[in-house]
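**Q** Using the sequences and the accompanying hints, generate a full structural model.
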Amino acid sequence: MVVVSVRSWVANEGGKHFVLMLWLGANIWLFMKTFLLYSTGKQYHYLYKMLGLGLCISRASASVLNLNCSLVLLPMCRSLLTFVRGTHTVSSRKTRRLLDKSKTFHVACGVAICIFSVVHVSAHLVNVVNFSMSYSDDFPALNLARYRGEVRPMYSHIYMLFPGVTGVLLVLILFLMFTSSSYCVRVSNYEIFWYTHNLFIVFYIILMVHMVGGALKYQTNLEAHPPGCLRANQSSTEQHGEELGQNEDEERRCREEAHFQPHCPQTWLWVSGPLCLYCAERLYRYIRSSNPVTIVTVIRHPCDVIELRMLKKNFKARPGQYIVLNCPGVSSFENHPFTLTTCPTEIKATFGVHLRVVGDWTERFTQLLLPESRLDMEILPMVQQRRYPNLYVDGPFGSPSEEVFNYDVSLCVAGGIGVTPFACVLHALLDGWTGFRLQRLYFVWVCRELQSFYWFAELLCAVHHKLWQENRPDYFNLKLYVSQPDSLQCMSEERYRPLTSRLLVGRPKWKLLFDEIAKTNKHKKVGVFCCGPKGISSTLHRLCNSARSSGTTFEFNKESFS
Amino acid sequence: MGKIEWAMWANEQALASGLIYLTGGIVGVAGQFRGWQFAAFAVAAGVFVCLLEYPRSKRAKGTSVERTGQYCFSVVVKSFGPLTRNYYVRAFILAALCVPGGFMLATVLGCVCLGISSIIYLVAAIRGEHWEPILPRKETKTKDTGSMIRPPQNPPPRPPPDMHRKRVEDLGGAAYDNAIDVTADE
Numbered sequence: 001m002v003v004v005s006v007r008s009w010v011a012n013e014g015g016k017h018f019v020l021m022l023w024l025g026a027n028i029w030l031f032m033k034t035f036l037l038y039s040t041g042k043q044y045h046y047l048y049k050m051l052g053l054g055l056c057i058s059r060a061s062a063s064v065l066n067l068n069c070s071l072v073l074l075p076m077c078r079s080l081l082t083f084v085r086g087t088h089t090v091s092s093r094k095t096r097r098l099l100d101k102s103k104t105f106h107v108a109c110g111v112a113i114c115i116f117s118v119v120h121v122s123a124h125l126v127n128v129v130n131f132s133m134s135y136s137d138d139f140p141a142l143n144l145a146r147y148r149g150e151v152r153p154m155y156s157h158i159y160m161l162f163p164g165v166t167g168v169l170l171v172l173i174l175f176l177m178f179t180s181s182s183y184c185v186r187v188s189n190y191e192i193f194w195y196t197h198n199l200f201i202v203f204y205i206i207l208m209v210h211m212v213g214g215a216l217k218y219q220t221n222l223e224a225h226p227p228g229c230l231r232a233n234q235s236s237t238e239q240h241g242e243e244l245g246q247n248e249d250e251e252r253r254c255r256e257e258a259h260f261q262p263h264c265p266q267t268w269l270w271v272s273g274p275l276c277l278y279c280a281e282r283l284y285r286y287i288r289s290s291n292p293v294t295i296v297t298v299i300r301h302p303c304d305v306i307e308l309r310m311l312k313k314n315f316k317a318r319p320g321q322y323i324v325l326n327c328p329g330v331s332s333f334e335n336h337p338f339t340l341t342t343c344p345t346e347i348k349a350t351f352g353v354h355l356r357v358v359g360d361w362t363e364r365f366t367q368l369l370l371p372e373s374r375l376d377m378e379i380l381p382m383v384q385q386r387r388y389p390n391l392y393v394d395g396p397f398g399s400p401s402e403e404v405f406n407y408d409v410s411l412c413v414a415g416g417i418g419v420t421p422f423a424c425v426l427h428a429l430l431d432g433w434t435g436f437r438l439q440r441l442y443f444v445w446v447c448r449e450l451q452s453f454y455w456f457a458e459l460l461c462a463v464h465h466k467l468w469q470e471n472r473p474d475y476f477n478l479k480l481y482v483s484q485p486d487s488l489q490c491m492s493e494e495r496y497r498p499l500t501s502r503l504l505v506g507r508p509k510w511k512l513l514f515d516e517i518a519k520t521n522k523h524k525k526v527g528v529f530c531c532g533p534k535g536i537s538s539t540l541h542r543l544c545n546s547a548r549s550s551g552t553t554f555e556f557n558k559e560s561f562s
Numbered sequence: 001m002g003k004i005e006w007a008m009w010a011n012e013q014a015l016a017s018g019l020i021y022l023t024g025g026i027v028g029v030a031g032q033f034r035g036w037q038f039a040a041f042a043v044a045a046g047v048f049v050c051l052l053e054y055p056r057s058k059r060a061k062g063t064s065v066e067r068t069g070q071y072c073f074s075v076v077v078k079s080f081g082p083l084t085r086n087y088y089v090r091a092f093i094l095a096a097l098c099v100p101g102g103f104m105l106a107t108v109l110g111c112v113c114l115g116i117s118s119i120i121y122l123v124a125a126i127r128g129e130h131w132e133p134i135l136p137r138k139e140t141k142t143k144d145t146g147s148m149i150r151p152p153q154n155p156p157p158r159p160p161p162d163m164h165r166k167r168v169e170d171l172g173g174a175a176y177d178n179a180i181d182v183t184a185d186e
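Protein chains in written order, with the UniProt record's numbering: chain A, 1 to 562; chain B, 1 to 186.
Worth double-checking, as some hints may not be accurate.
[What the hints assert, rightly or not] Listed below are several chain A residues computed to face chain B (Cβ distance under 8 Å; list not exhaustive):
{"no.": "1", "residue": "Leu125"}
{"no.": "2", "residue": "Leu172"}
{"no.": "3", "residue": "Cys184"}
{"no.": "4", "residue": "Asn189"}
{"no.": "5", "residue": "Glu191"}
Treat the hints as calculated values from the structure; they're not laboratory data. We treat Cβ as the ideally placed atom computed from N, Cα and C, and that holds for glycine.
**A** Following this line, the structure appears as structure tokens:
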């Protein structure tokens, strides 16, 4: 059992939990403030007497809903977040680490919206009942029911009222969006999730007009008619014409009837800013991805991996970023993310991705790119004069792996095809390793089959040789693991000798690895980057949070695929 | 493009709708609104729908993720045979159950959500999908555990066991055989 150390935990989890506390605090504060406004505010005095707690809870949950509906869009502005990540002057490393959790924040706001919608709807149902039970004879303008005790199924009321109709529509759309965003639907049928989630635009339009013609009214003439003065008025009309001469009665005398007015919709104040920002972002991404790329080479690698090299005008990317591919020849609406394995540089303008053929989109895409007859695994590039399909690229988008260069020491752990972000990092090191803050890189790559290492065998050997030549043998520390020992072959090529001597069979022992790194890098901050299956990443996360005697802190950064 | 498995989405929706139906029914009964009998029916129907929809179906292609503790529900649902296997029947059941909820305000949301799930199940049925139980995989313990795990039968550099049998016949192979048995020092 590893003991969680306070210092490591704070370094890893502190930022996230701080933002979570801020967000919870903002929600609670807003809820309480609106609750108190409606329960103690003078302009709601009569309404509160009629409706009671239901009024306060429904309005308080509505304001929390406003806040969360505006916040939920912000983490999804990916290009904006990529820009913030790229400008090192604006953000520090801690802030950039927080950006990794943008999807989690989006989910948290979404869940809050669902919960508070339930609260809001229930409170309004109670209001409907109270409107009829506490039918007010004194203030007929305030009433919603037509007469006292009208507790019917209420269709004629609710559904003729505009907020009622819009409310039901909103809840329906929210229900559709919520049920299709569960983990298993996203994993199995991403399109259902994507298309239902794009109903958000309908949701927001309806949300902005939801309050028009509302049933809740506030009193407008507070000076002329202080709340609670009606009785004094009734008692004083009997003495009308007589001199009263009492100061209390003067203050509490109503000069006129209470006037009520429904609220103007306020949601647009909250929501329009983020909505415009998000729509601008989508438009920008659409325009940016509208010119097709030129496919330069297609290379087939062992273990069902295809490398694709492309060219696009004005395309700039940093190591660790990913792009989204759209091929109309395969499917007009599907977009699939792939991490870049080579970025465009001044010397070479092509950029590339490695894609593993796993689902039907990748299978069909590979069939369009390569002839079907050659099914054996070859590493030789097959450059052919053929018409490649049209391909559109959206991106690049930022990811946690960009931070590898901003630590003194980094540990990169890759599982299988998860090596792709680190391949780009290695290419950047090959081009020039002196310019970065990084002084030492530990690279652990775990694969099921030995053949997989051929994807980047050349690259790994090139980096190794270059750093040995330039007298930095401790810079690049490589460990390769083959997790399935059956049918063991060996890499017999002489030029891959640095790899075979660092190849181990079986699963890595992470604790020992961490201890070794901690001993040789005392009092340093080590960035741990993991791109692989859940088992590895949760083990590493736990180890990063555990106690360390040598003063080394491990900061965990996880790359997620979905 | 691609085969979308509608049944998976319909299952998530139906489970959520069942919960909403149940909650609406409880509210209706507790508040003793008019038409609370419909709410009572909604409670029963909600429970039934939740029990029916809790076990996830096995996916036609790809890995299926079970819900926690769904095995017993899976066995019960499987025992109804074609009634639960066929999605046309399921769509019809959901549609029939949702109708009474439409007569009362507290349950109308559950009614609409169940209705939508019923429509998606109909789409799934038209596309030919059906419900398959996720059964636990039979334990396939490989008898041959591989040369990595089985300890060597002979200390090095002895020949493999079958060479001993050939000692008499194959004098050429005797070169590999030790003349003296190696034992530990006593």
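**Q** Could you run down the list of hints and mark each one as holding or not?
**A** Cross-check of the supplied hints:
no. : hint   : result
1   : Leu125 : holds (7 Å)
2   : Leu172 : holds (6 Å)
3   : Cys184 : holds (5 Å)
4   : Asn189 : holds (5 Å)
5   : Glu191 : holds (6 Å)
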